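J.: Generate coordinates for the entire structure from the input sequences, incorporating the hints supplied.
Letter by letter, the sequence shown follows residues 972 to 1220 of my numbering.
Treat the hints as calculated values from the structure; they're not laboratory data.
Owing to the predicted nature of the structure, the values given are computational and were not obtained by experimental measurement.
All the given hints hold, so there is nothing to weed out.
List time: in silico DSBU-like cross-link candidates among lysine-lysine, alpha-carbon distance up to 30 Å: (1) K1062 <-> K1182; (2) K1062 <-> K1166; (3) K1062 <-> K1001; (4) K1184 <-> K1067.
Here are the simulated distance ranges between beta carbons: (5) A1129 <-> P1083: 24 to 30 Å; (6) A1098 <-> G1143: 24 to 30 Å; (7) W1186 <-> W1126: 18 to 24 Å.
Glycine included, each C-beta is placed from N, C-alpha and C at the ideal position.
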Amino acid sequence: MKRILLVFVLAGVLSGCQKDASVSVKSEVKANWSSSAQWATWTNGGYTLYNNIWGSGAGAQTIWANSYSNWGVWANHPNTGGIKSYPNATKYVGKKLSALSTCSSTFSATTPSGGAWESAYDIWDSANAYEIMLWMNYTGTSSGSGNVKPISYNWSAAGDAVPVFTNVNVGGRTWNVFRGNNGSNEVFSFLATTKTNNATVDIKAILNWIKSKGWIGDITVGNVQFGYEITSSNGGLNYTTNSFSVTAN
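T.: This is the structure:
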């Protein structure tokens, strides 16, 4: 009962945070903006931040930001299965793949040791017909097993996702590639075989690789998002983006 009371007290404190307020999560964070609202958004420097608590059975979550490149979330989602949220920073590109001379991104993050989650890019075409996920760090395995798994057409007898390509070197990293459909759009998931919290990724090279397989055409690149897809973070965990930027021209 005491634990439940503390959660509600904390949620009340967080929901009252305003601009320039201290976000009392695991440690004191002085933020220019914060919110515990389910669909909270904040625009800064041509980017938009989203709290984006979209899954069923979610717990409390507070997003805070000093800028589009320095932001984070505290999340306390129960271990009940299913994705609870994808807090993220988004940059819209709006150019044909063939017209892009450059499309890349750099990030640095601090992630917790527990829970079930992935820090990931989510890249969309302008029509939202194709979703390209780049899993940079995650609590599952690059082979498609563990407590978080990519969307896949193919599954093993053990219930693990099966990659369509393994050890693909493209975009500055090595990936295992999975292909599937979430019921609304095609999903291509690239799981970094070496997990990292700091990287520069050549997004254009990855999109051209997908195009070379005949899976997409000359799409108009839409939103490039980076954030944390959280399945569980029971007890409260912190995720911090120390730096993030997208370059597209």
